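Engineer: Sequence:
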Amino acid sequence: MHHNRPPLGVTRRQSLQTMGTGLGVLGLAGILSREGALADAPQPVEQLSPLAPKVAHFAPRAKRVIHLFMNGGPSQVDTFDPKPELDKYNGKRPPSANLKTERKTGGLMKSPFKFAKYGESGIEVS
Numbered sequence: 337m338h339h340n341r342p343p344l345g346v347t348r349r350q351s352l353q354t355m356g357t358g359l360g361v362l363g364l365a366g367i368l369s370r371e372g373a374l375a376d377a378p379q380p381v382e383q384l385s386p387l388a389p390k391v392a393h394f395a396p397r398a399k400r401v402i403h404l405f406m407n408g409g410p411s412q413v414d415t416f417d418p419k420p421e422l423d424k425y426n427g428k429r430p431p432s433a434n435l436k437t438e439r440k441t442g443g444l445m446k447s448p449f450k451f452a453k454y455g456e457s458g459i460e461v462s
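In this text, residue positions in the sequence shown follow our numbering: the first is 337, and each later residue adds one.
No lab work stands behind these hints: they were computed from the structure.
It is possible that some hints are incorrect.
[Stated by the list, open to error] For lysine-lysine, the following DSBU-like pairs were computed, each having C-alpha atoms within a straight-line distance of at most 30 angstroms: (1) 399 / 453; (2) 428 / 446; (3) 428 / 450; (4) 424 / 446; (5) 419 / 446; (6) 450 / 424; (7) 419 / 453; (8) 424 / 453; (9) 428 / 453; (10) 390 / 419.
Here the structure is a predicted model, which means the values were calculated and not measured.
Go ahead and model the full structure; you've got the sequences and the hints to work with.
Structural biologist: Written out as structure tokens, the structure reads:
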């Protein structure tokens, strides 16, 4: 059964757009707070929730944030971590390939990059 309108009146595209806009508002709030353009937050009389935000132990050091907003998440090739089982299943169809999905599901692909241990931690990256 196909309907021309979403059941709750909000399409998937609209909800993703709304969530993506929230990230821009966070950046704007950071800029405005640095410039002193934001009003001071009211001081609570008591903490109503143990999950309420608290003052950080250390001053934040991040200057920039890279936000990856990808439908379905990054592929195994883009995560920079080795997946040795993919070498064994390279070119074969996954067991879930017979499920009905939006897109045609092809064979699995091993990473085209070689992995080596780098840095003091010895983590393998491509």
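Engineer: Which numbered hints are broken by the structure, listed smallest first?
Structural biologist: Violated hint (a single one): 10; every other hint is consistent with the structure.
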